[in-house]
Amino acid sequence: MRHEVLFSGFGGQGIILSAVILGRAAAIYDRKYAVQTQVYGPEARGGASMSAVVIDDEQILYPEVSNPDTYVIMSQPGYDKYGAGARDDAFVIYDKDLVFSKPSCRNLPVPATQTAKELTGRTIVANIIMLGAVVRSSGIVSEEAIRKAVLDSVPKGTEDLNLKALNAGFELGAKDSQ
Amino acid sequence: MQGNIACAEGALAAGCRFFGGYPITPSTEVAEHMAKMMPKVGGVFIQMEDEIASISSIIGASWTGVKAMTATSGPGFSLMMENIGYAAITETPIVIINVQRGGPSTGQPTMSAQGDMMQCRFGSHGDFSIIALTPSTVQEMYELTVKAFNLAEEFRCPVFLMSDETIGHMRERIEIPDSVDVVNRKELEKGKLPYETDADNPVPGFPTFGHGHRVHVTGLTHDARGYPDTTNHKTHSDLVRRLVGKVESKRHEIADYDIAGTDAEIVFLTYGPATRTVRQIMKDSPDLKIGHINLRIVWPFPENVLKEFPNAKVFIVPEMNMGQIGREVARHTPVKVVYLPKLGGDMHTPQDLMEAYDREKALIGGGN
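Taken in sequence, the protein lines are chains A and B. Each residue of the first sequence is one higher than the one before, starting from 1 at the first, in this note's numbering. Each residue of the second sequence is one higher than the one before, starting from 1001 at the first, in this note's numbering.
The reader is advised that the hints may include incorrect statements.
Taking lysine to aspartate or glutamate pairs in the EDC-like style, the calculated list, with each CA pair at most 20 Å apart, reads [stated by the list, open to error]:
1) B:1036 <-> A:152
2) B:1336 <-> B:1265
3) B:1250 <-> B:1303
4) B:1192 <-> B:1229
5) B:1040 <-> B:1082
6) A:32 <-> A:160
7) B:1307 <-> B:1263
8) B:1307 <-> B:1328
9) B:1283 <-> B:1352
10) B:1283 <-> B:1258
11) A:175 <-> A:143
12) B:1283 <-> A:143
13) B:1283 <-> A:30
14) B:1036 <-> B:1009
15) B:1289 <-> B:1355
16) A:32 <-> B:1175
17) B:1283 <-> A:80
18) B:1313 <-> B:1346
19) B:1250 <-> B:1328
20) B:1283 <-> A:89
21) B:1186 <-> B:1196
22) B:1283 <-> A:56
23) B:1336 <-> B:1355
24) A:81 <-> B:1346
Read the hints as simulated data drawn from the structure, not as lab findings.
I would like the entire structure built from these sequences, with the hints used as guidance.
Structure follows, in structure tokens:
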């Protein structure tokens, strides 16, 4: 079955890296097919950033997302541009410290930035918390696969920090979605 | 793995040991990866001051016998035009990666396009021939880069990997083989003149610098010795005909494409990302009769492939440009050719292609 996951937020939050990690988990560790694509502007930090992953049991032909079933949103402009148009049966998971709108479809507000700050003192791992939450609440890849993919993708010396964030994300993702 | 990284890995597997380049979005990851890897394999990475210097450096490196490449995008590619002709007339094997973005000029740095397809063929002045490969997957970024090096050695001409932002920045899983078939440079036989050829052997052996050959390398029209001979009509005519003919006469052997649905009336011809979209609509609508040509080598253009579709009533050519290869298709067939340009940075969607299919189907009429 084809899944389309769309990540959006500000440049610098690790929006593209999140998609790379999810795609890696699916393609390398769950042995499914995955394609990761992105849209970005010439700005580095602070600009709009979008990236996407298509995950399928079969080979992926058309690689772009056209109608995502899962959204991971980490900014209000990212919500306005992408999340607001989510289809009725989509699942929107969003950082409730950064997105103030209320999706009409199934959704899960996650205090990712706040948790990152309180738990690790580093807001930079908010994206990893979001990843943990979306994997636990959607089951789109296995938790073992995302754990390995996170470890592959983060700088040496930050493994413990990122695993702490991922585990916090798992716990937040276990809460009922609305 | 990302497409651009797969390209760099393919180059290393093919034996590339010199990279001279200047970073430019969306090709920069190729240079980054080469910078990281070259010291590990005993090769050389140089960041040059601009793209003119970049292509000059790889031509010079190639003459020392090493396999050399550069990577760029539209604005840098435009700067390289003069020395592409120099590589063509001096018959220097080089590989140029162009990860295409929106043009003209600096255009859309972070968006995808295929606007340089004619430029790679005809951008430098004078008559000559080149080879251009077009990947549609990350796997092909690897495989076709290997192939680009092999073709450059075989034909002694500039070879282009004409990728685009979509495939260059896309990540998917690839299988890297334990070894790849590699064509190495054929050295000039002792006693032969540097540009001595005959009808059966239009590609001369290579008189590598430092290997004891007497050789003069010039962009001027030259004779078999390599000496300038710029007012002799026959010398120039023979040289240019050979530069064009050594590639064009082998175009059906060089050809690399897939075909499907050869009995169809409506046939899509694609290269690069749109190949994936056609395959998607063929999978989604197995009952529709859709023909498909996917070119992995666009130049030299393998026009015989069009004859594989005897029932064709229309060739639809989706491109991320205003119809550059579509015009080449039209040049070779009496069948109607429909251009399907997509500009702005996105690849063709399944809806784009289905609309074109339905439109043409209605014009043709009849059953499915």
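Going through the hints against the structure:
1. B:1036 <-> A:152: This hinted pair holds, its Cα atoms lying about 18 Å apart.
2. B:1336 <-> B:1265: holds, 11 Å
3. B:1250 <-> B:1303: holds, 12 Å
4. B:1192 <-> B:1229: Distance of about 19 Å is within 20 Å: holds.
5. B:1040 <-> B:1082: Violated, because 32 Å separates the two Cα atoms, which is more than 20 Å.
6. A:32 <-> A:160: violated, 27 Å
7. B:1307 <-> B:1263: holds, 11 Å
8. B:1307 <-> B:1328: Holds, because 15 Å separates the two Cα atoms, which is no more than 20 Å.
9. B:1283 <-> B:1352: holds, 16 Å
10. B:1283 <-> B:1258: holds, 16 Å
11. A:175 <-> A:143: Measuring from Cα to Cα gives roughly 16 Å; hence the hint holds.
12. B:1283 <-> A:143: violated, 31 Å
13. B:1283 <-> A:30: violated, 24 Å
14. B:1036 <-> B:1009: holds, 11 Å
15. B:1289 <-> B:1355: This hinted pair holds, its Cα atoms lying about 15 Å apart.
16. A:32 <-> B:1175: The hint holds at about 14 Å.
17. B:1283 <-> A:80: At roughly 33 Å apart (the allowed maximum being 20 Å), residue 80 of chain A and residue 1283 of chain B break the hint.
18. B:1313 <-> B:1346: violated, 28 Å
19. B:1250 <-> B:1328: holds, 18 Å
20. B:1283 <-> A:89: It is violated: about 24 Å lies between the C-alpha atoms, which goes past 20 Å.
21. B:1186 <-> B:1196: holds, 14 Å
22. B:1283 <-> A:56: holds, 14 Å
23. B:1336 <-> B:1355: Holds - the C-alpha atoms of residue 1355 of chain B and residue 1336 of chain B are around 17 Å apart, at most 20 Å.
24. A:81 <-> B:1346: Measuring from Cα to Cα gives roughly 17 Å; hence the hint holds.
Consistency with the previously given hints fails for numbers 5, 6, 12, 13, 17, 18 and 20, ordered from lowest to highest.
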